[in-house]
Structure formats: C-alpha cells, structure tokens
Amino acid sequence: MEAREVRLEGEGVFVLWDDGHESLYPHRYLRGECGCAGCVDEMTGRRMVGWEDVREDVQARDWMRVGRYAVRFLWSDTHDFGIYPFEVLRKLCRCPRCMEGEVGEG
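Numbering (our numbering), first residue to last: 1 to 106.
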C-alpha cells in the first residue's frame with residue numbers, strides 16, 4: 001500500500017492510493033490521530049491528544065514523504081513530530097466504502 005499522490009486542500013488532506021482508492025481526511029481528524037510520543041503515551045499506548053484537543057481551525061500546511069512507507073505533516077499548530085505510515089493512514093480513511101469494509105487494506 002502506497003500513496004501515489006498527496007494534496008493539501010481546504011477541507012483536508014487528499015490521498016490517491018496506488019490501488020486507485022481516494023481518501024480525504026479532514027485536517028482536525030488527521031491531526032488528532034497523530035501517533036507521536038507526545039500524542040500517544042509510549043509505555044501504555046494511551047492517547048494523550050485526540051481530535052477533541054485540537055483546535056477546530058488546524059490545517060496541514062506542508063507535508064513530506066518519509067521513505068517509501070509514510071508521510072509527515074507540518075500542522076498550523078506547529079506540531080510536526082508524528083509520521084503516518086501508509087498502512088495506518090489507509091485504515092484511518094472514513095469514506096463510506098471503507099467504513100463499510102468494502103475497500104481492501106492492500
């Protein structure tokens with residue numbers, strides 16, 4: 001599973017996957033799913049920062065590919081520590097097809 005294209009749009013982060021699937025992640029939702037050590041306790045796995053803790057107007061300002069397996073975002077709240085492995089990012093897709101389990105996970 002690999003992201004073929006990533007675009008920052010007004011309503012969220014658009015990802016075109018190598019299997020043709022398209023995902024649009026609202027900025028606040030995606031920021032709230034950050035898995036870095038500041039957002040998720042490394043020892044317990046307990047989420048410390050979730051979407052409800054993130055400002056409603058947060059936006060991804062920039063992004064970069066991390067190797068061949070993930071992307072990293074620079075958020076408008078200056079957070080930039082977390083990476084989003086493609087496998088995790090695909091599982092975060094909230095489109096109707098993914099929510100119903102119709103789209104494979106790669």
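Calculated from the structure, these hints are not laboratory results.
Among the hints, erroneous ones may be present.
[Said to hold, decoys possible] Have a look at the derived ranges for each label pair, beta carbon to beta carbon:
| hint | residue 1 | residue 2 | range |
| --- | --- | --- | --- |
| 1 | PRO96 | ARG47 | 35 to 41 Å |
| 2 | MET1 | TYR29 | 29 to 35 Å |
| 3 | GLU100 | ASP18 | 32 to 38 Å |
| 4 | ARG72 | ARG94 | 32 to 38 Å |
| 5 | ARG4 | GLY38 | 28 to 34 Å |
| 6 | GLU100 | GLU9 | 30 to 36 Å |
| 7 | GLU9 | VAL66 | 36 to 42 Å |
| 8 | PRO26 | ARG4 | 18 to 24 Å |
| 9 | MET43 | GLU11 | 32 to 38 Å |
| 10 | THR44 | PRO85 | 18 to 24 Å |
The beta carbon of each residue, even a glycine, is placed where N, CA and C say it ideally should be.
(message) Hint by hint, where does the structure go against what was stated? Just the numbers, ascending.
(response) 1, 2, 3, 4, 6, 7
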